[in-house]
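Colleague: Each protein sequence line maps, in turn, to chains L and X. In case it helps, this note's numbering puts the first sequence at residues 1 to 438. In case it helps, this note's numbering puts the second sequence at residues 1 to 438.
It should be emphasised that the hints constitute simulated quantities derived from the structure, not laboratory data. Worth double-checking, as some hints may not be accurate.
As the list claims (entries may be wrong) - Result set (EDC-like, lysine to aspartate or glutamate): computed pairs, CA atoms no more than 16 Å apart in a straight line:
| hint | chain 1 | residue 1 | chain 2 | residue 2 |
| --- | --- | --- | --- | --- |
| 1 | X | K319 | L | E327 |
| 2 | X | K351 | X | D163 |
| 3 | X | K343 | L | D264 |
| 4 | X | K319 | L | E318 |
| 5 | L | K324 | X | D112 |
Residue strings, one per chain:
2 protein chains.
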Amino acid sequence: MVRQEQQRAQSPGGIPQTVRLFTSPSDMAKEGTEIAEETEQMIDQKEPDNPVSAVVDSKEMRAVLLTGFGGLNKLKVTKKPMPEPQEGEVKIRVKACGLNFLDLMVRQGNIDNPPKTPFVPGFECSGIVESVGENTEGFEIGDRVMAFVNYSAWAEVVCTPLDFVYKIPDDMTFPEAAAFSMNFVAAYMMLFEVANLREGMSVLVHSAGGAVGQAVTQLCSTVPNVTVFGTASPFKHEAIQHSVTHLFDRNIDCVPEVKKISPDGVDIVLDCLCGENTGKGLSLLKPMGTYILYGSSNMVTGETKSFFSFAKSWWQVEKVNPIKLYEENKVIAGFSLLNLLFKQGGCSQVKTAVQKLLSLYNQKRIKPVVDSLWALEEVKEAMQRIHDRGNIGKLILDVEKSPTPLMANDSTETSEAGEEEEEQEGDNENKERMPFIQ
Amino acid sequence: MVRQEQQRAQSPGGIPQTVRLFTSPSDMAKEGTEIAEETEQMIDQKEPDNPVSAVVDSKEMRAVLLTGFGGLNKLKVTKKPMPEPQEGEVKIRVKACGLNFLDLMVRQGNIDNPPKTPFVPGFECSGIVESVGENTEGFEIGDRVMAFVNYSAWAEVVCTPLDFVYKIPDDMTFPEAAAFSMNFVAAYMMLFEVANLREGMSVLVHSAGGAVGQAVTQLCSTVPNVTVFGTASPFKHEAIQHSVTHLFDRNIDCVPEVKKISPDGVDIVLDCLCGENTGKGLSLLKPMGTYILYGSSNMVTGETKSFFSFAKSWWQVEKVNPIKLYEENKVIAGFSLLNLLFKQGGCSQVKTAVQKLLSLYNQKRIKPVVDSLWALEEVKEAMQRIHDRGNIGKLILDVEKSPTPLMANDSTETSEAGEEEEEQEGDNENKERMPFIQ
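Work the whole structure out from these sequences, hints included.
Modeller: This is the structure in structure tokens:
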């Protein structure tokens, strides 16, 4: 996770660049600003600053580039060489990209084995098939699709293996499709494959107003008589209360509140937190109940210092004694869709889930909630909004949008801060925990 | 778990008895024999030794009594007052009782909060409803039933709450019914409720020749294209190979053998072992796979000394980091049917499972495998057989049987040892691990 020496990194254009890499978390915190400036200078020599001209050379495309790990100032829109599909790959003219909390962790380098900077972030997009490589039966130019991408989704054009590409229904918009893939698949697999949600069960979901949270509540509504307990910031309560049976302020300890209503606990706990909360989540389970950890948001407390927090929470997380699970008839699970897709060859399992989800969409039983649309050039503002928990549903990068905010709903709590996060860099430890929406 | 002082215990007949209880594992090992003799003398003063006369006073009934925790000599058949049903209870004239590996652990006192001795062991039986208490709608005198009992099943007559009683199909024999309840329910709930077994999956089950193992393999056969990996003693292989896709000698490490056949591992691991094997079991899981610990047989290594082994394995068992589960997309679960039924109010969940199982039975898709029938007076020999892993399928106490061995199959490996276990008391540490069949 910690790189130990200077390495020669190859830029996308083939020009070698010297990228000085971190040797330890403290080095990283100390040297962050210096590295950032150095990297920016190198990039700037080659490419003009944003906004990039809307007239795109067919050999180039616009993309969001992460120039180094750290704050919002490490993100910029730039031109990159046009990718071409290899064998088994589909080339997509991107219309919309999904923004996830995980992208904040990536930006900070707070993930295991991050790619070398600079690179284009983003794990999901929707768009139109522009060309196909060999052996891509089933896809044709002009197909409307959504896709998982192992980085590089935040661009005008993406090439990705056909196993990660799905045709979308005619009436599904591109922002809906980009809001659909990761969050609904994660919610579906957790509820129905890991936890086996059935009639009459109860579910606790944190960040019920987030994109995964909204997917979870919608999927719960497809099963008769499911009780949903949810936590969310108070200002979201009015907007989401129709989808949650019992809604709690995320700033209070929900354990006693849930037990007041359901003394036996709940059947399923979906936890995007970690550490001390694992024990709390387990304690809320009914016998035969399932606790699923799908993210660990207290890893992320702000900027580079959270690299420390990451290591800390890893070691401090409460371990679980299997014999206790045996005595209490409990199940504990972890779920990472990205690992399943890109490290563990889980495409066929994901495909099954997508098919079932598209069927539910066609029956109008689920519909992705889009919080807001942002131009590529507004990626910093969008990230700040997800960081501030301002969103209800999904933040979308709309590739064809010009940089003027266009809200999909009327939330009055939108952060317009943009660069504000930068100024708080020294104050990371005091920040609130954040959800990990993947 | 360790009782700390002398207590006054009330005998079933209402005569107070002084039962000296263990103060520590070493005390227990040291004083086991002495306590046993003391307890036996007290019992013998009141009741004649077995065999008890077949002519039963209607105010009394025959039952197997555990006179103290320890070896086989702590078991005897005796007369007990006839129980009468309380409100909500059903009185059953017992025809057959199930014998589980758990009963060996109970005999040794190797369970959490065991009841005070003397008591009648046994958790399941089948028979005919002889009378009912108030508020027992749905049951009538003469109904053929199977039942879960919170101890006291090994008797001619049992009273148990109606929530634990199920009518059985006309063509299900009483031994089949007694072999059905615990093992098939455990297998069903693990495969279909905890692990969500579906078409095309793979399952590893240890002790595939045991009663739970046979229930697991039969239930796997009700789902298309399920691959079953199983371990069993070599002499059982011929008899059970039709039910297991890949069968391994239980004395070898099956991990590399399974990986040779399926390099990615399996979807479900059912583990009746514990401790070091938890890590092995987890390592065999495919992404999205489920490991279920349903017993911990290396707790039981023989007689009283295993109390030590129990504590040891409790503390030594490998704990699981939830973040590792998250990264690897794995699920770990524990399952204890007895805790679910008798401590955690899980009757309604169990009822759903029983209904589905009876439907499968009626469709002739599953059929309990009965290893052998034993008279109550032969309970020691039966326990020795399960201890020696001699059984294929279920050992049944046939209440109406006279004490002559009657084998349900022709296995040549039957242990006729009976009291042999006693003589090995000093050699517990070298004994093989045993399955925990509940």
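Colleague: Please go over all the hints and tell whether each is borne out by the structure.
Modeller: Results of checking the hints against the structure:
no.: 1; hint: K319/X with E327/L; in the structure: holds, 15 Å
no.: 2; hint: K351/X with D163/X; in the structure: holds, 8 Å
no.: 3; hint: K343/X with D264/L; in the structure: holds, 13 Å
no.: 4; hint: K319/X with E318/L; in the structure: holds, 9 Å
no.: 5; hint: K324/L with D112/X; in the structure: holds, 12 Å
Of the hints listed earlier, there is not a single one the structure fails to meet.
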